[in-house]
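Trainee: Just so you know, the sequences run in chain order A and B. Each step along the first sequence adds one to the number in the numbering used here, with nothing skipped, and position 137 is 137. Each step along the second sequence adds one to the number in the numbering used here, with nothing skipped, and position 71 is 71.
Hints listed in this document are in silico derivations from the structure and should not be mistaken for laboratory results. Watch out, some of these pointers could steer you wrong.
[Said to hold, decoys possible] Incomplete in silico selection of chain B near chain A, CB under 7 Å:
hint: 1; residue: S6
hint: 2; residue: P23
hint: 3; residue: A27
hint: 4; residue: A40
hint: 5; residue: T41
hint: 6; residue: R43
hint: 7; residue: Y70
hint: 8; residue: E71
hint: 9; residue: H124
hint: 10; residue: T127
hint: 11; residue: D130
[Stated by the list, open to error] Computed list of lysine to aspartate or glutamate pairs in EDC-like fashion (alpha-carbon distance at most 16 Å, straight line):
hint: 12; chain 1: B; residue 1: K4; chain 2: B; residue 2: D130
hint: 13; chain 1: A; residue 1: K283; chain 2: A; residue 2: D67
hint: 14; chain 1: A; residue 1: K58; chain 2: B; residue 2: D130
hint: 15; chain 1: A; residue 1: K58; chain 2: B; residue 2: D159
[To be verified] A few chain B residues that face chain A, going by a derived Cβ cut-off under 10 Å, partial list only:
hint: 16; residue: R33
hint: 17; residue: K100
hint: 18; residue: G156
hint: 19; residue: K157
From the three backbone atoms N, C-alpha and C, an ideal C-beta is built for every residue, glycine too.
Take a look at the letters that make up each chain.
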Amino acid sequence: MENMVVKIIQIILSPILALVVGVFFLGLARKIMARIHWRYGPPLIQPVIDMVKLFCQKSVSHGFMFDLGLILSLAGSIVVVLFLPLGGIAPLSGSGGLLVILYIMLFAPLGMALSGGQGANPNISIGISRKLILSLGYEVPLLLVLLAVMTRYKTISIVEVVSAQQSTAWSFISFPLFLSGLSYFLIFPAILGIRPFDTASAPQEISSGPMVEYGGKYLALATIEHAFILFISIALFVNLFLGGAANPVIFFVKMLAVFVLGLCINAVFPRFRIEQAVKYLWKWPTLLAFLGLIINLAMRS
Amino acid sequence: MANKYSLHAIYFCTGCGIIEVPPVITARWDAERFGVIPVATPRQANLFLITGYVSVKTLRAIIRTYEQMYEPKYTVGFGSCPINGGMYWDSYNTIKHLDKYIPIDGWIAGCMPRPEAIFIAVTHLWTLIDKEMANGYIRYRENYNSYRRNQELALGKLDWPPLFPVSDEPQGNEQ
Chain A
1 MENMVVKIIQ IILSPILALV VGVFFLGLAR KIMARIHWRY GPPLIQPVID
51 MVKLFCQKSV SHGFMFDLGL ILSLAGSIVV VLFLPLGGIA PLSGSGGLLV
101 ILYIMLFAPL GMALSGGQGA NPNISIGISR KLILSLGYEV PLLLVLLAVM
151 TRYKTISIVE VVSAQQSTAW SFISFPLFLS GLSYFLIFPA ILGIRPFDTA
201 SAPQEISSGP MVEYGGKYLA LATIEHAFIL FISIALFVNL FLGGAANPVI
251 FFVKMLAVFV LGLCINAVFP RFRIEQAVKY LWKWPTLLAF LGLIINLAMR
301 S
Chain B
1 MANKYSLHAI YFCTGCGIIE VPPVITARWD AERFGVIPVA TPRQANLFLI
51 TGYVSVKTLR AIIRTYEQMY EPKYTVGFGS CPINGGMYWD SYNTIKHLDK
101 YIPIDGWIAG CMPRPEAIFI AVTHLWTLID KEMANGYIRY RENYNSYRRN
151 QELALGKLDW PPLFPVSDEP QGNEQ
């Protein structure tokens, strides 16, 4: 019974934790980007101010699916958070593991696509098609990387992957998984949609793509969704390759390190065109991930 | 309150004035520390900055952009030309008084103003928002009849439906 109560508390707590950390990361991103540009930058709570303003604004819906798609993608992201172990807090990660995460991670871009389709703006169509092409680009190496991890630890459960790393060494610095880890890090900006892979939401080309019709509370929800995606992809990397953590604080410190590294990439690279992005994603990260998988298979037998 | 410190600006650079905007939003003067960031679409914006002269053709785009923004929204005219025509005071195809067609909350005079003037405008806009004097969007709603009539006088028949219900009876504030 007590176990049940703890689990329910964790289920309520972990999305809130993910949201707070994700929004904090958004604020930090703007501040760090400003410092890299030699600017002073906005206050750290600027995303919160923006969100309060957006929720106060009047907004117009473009139809039933416009609302529902956004909620679908938000719900998908929240469910993924429940399946991720966040440094000891792991409400549902005992059941399902990596395969479930792979399935539910697709909800976020799909919901956005459904919602954007109702917006009926040509910029949205271009943005959505670019986003889906990009996810086609990074899903292939991501799948190979996850296969390599599952092969190495002979399990599909993330909790077991984390505990195996804590008893030995981080898989990022151990030999058979190093290539896979590198490959995940190379596709990491594409999963997040930051530069050099921000073709889907390029403000200068297609007026911020799928977000073009979002304003008011819709934009606020889309920002929250972005914060969740930021959190999920970093947390997945930390869990699979940096050994997770025994308590949430160390976990978030590790996430912060990965995130700042990603931001530096974001700050210095210009944007790929979509076909250049797919060409890149299907060349180096896929090659590395494939090699990593073969090495793991060979070492296993 | 949050409106004050989170002004998402859409810049309508009609001719001149475009060169004053990049230093403001990038490293030289960094508008982001005031919470002012440029956005790409009117849906996300709540500050509309119109720089330089307004021709009859661009007026159409300005009105449509303004009507797509969500309330509360603020408008600032940048430079002499939107105020009273400036050096184009006798031009045949330039709009002389922009505030006949859409409500303006503040003006930045000068030809051209320095980029820092945008910050003076932003801090002044904060004061106006505090005193609830930046009420252009309310004036637009209340006097939509006369605004719409002025727009039709300048542009001929408008090919978009009215934003608010219009009546044929004349209201106050006729131009």
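Trainee: Going by Cβ atoms only, is R43/B closer than 7 Å to chain A?
Mentor: holds (3 Å)
Trainee: When you check the alpha-carbon spacing of K283/A and D67/A, does it fall within 16 Å?
Mentor: violated (37 Å)
Trainee: Quick check on A27/B please, does its C-beta sit within 7 Å of some C-beta on chain A?
Mentor: holds (5 Å)
Trainee: Holds or violated: is there a CB of chain A closer than 10 Å to the CB of K100/B?
Mentor: Not OK, violated: K100/B not within 10 Å of chain A, min 25 Å.
Trainee: Let me know if the C-beta of K157/B comes in closer than 10 Å to any C-beta of chain A, holds or violated.
Mentor: violated (25 Å)
Trainee: With a cut-off of 7 Å, does the beta carbon of S6/B approach a beta carbon of chain A closely enough for the hint to hold?
Mentor: holds (4 Å)
Trainee: What's the verdict on K58/A and D130/B, does the C-alpha distance respect the 16 Å limit or exceed it?
Mentor: Answer violated: K58/A to D130/B is near 19 Å, above 16 Å.
Trainee: Under 7 Å is the threshold here; is the Cβ of P23/B close enough to any Cβ of chain A for the hint to stand?
Mentor: violated (12 Å)
Trainee: Was the hint right that A40/B lines chain A, CB cutoff 7 Å?
Mentor: Holds: closest Cβ of chain A sits about 4 Å from A40/B, inside 7 Å.
Trainee: Should the hint that T41/B touches chain A count as held when the rule is a Cβ pair under 7 Å?
Mentor: OK, holds: T41/B within 7 Å of chain A, min 5 Å.
Trainee: What's the verdict on K4/B and D130/B, does the C-alpha distance respect the 16 Å limit or exceed it?
Mentor: holds (8 Å)
Trainee: Given E71/B as an interface hint, is its Cβ closer than 7 Å to any Cβ of chain A?
Mentor: With a closest approach of 5 Å, the E71/B hint holds.
Against the hints set out earlier in the document, violations occur for numbers 2, 9, 10, 11, 13, 14, 15, 17, 18, 19.
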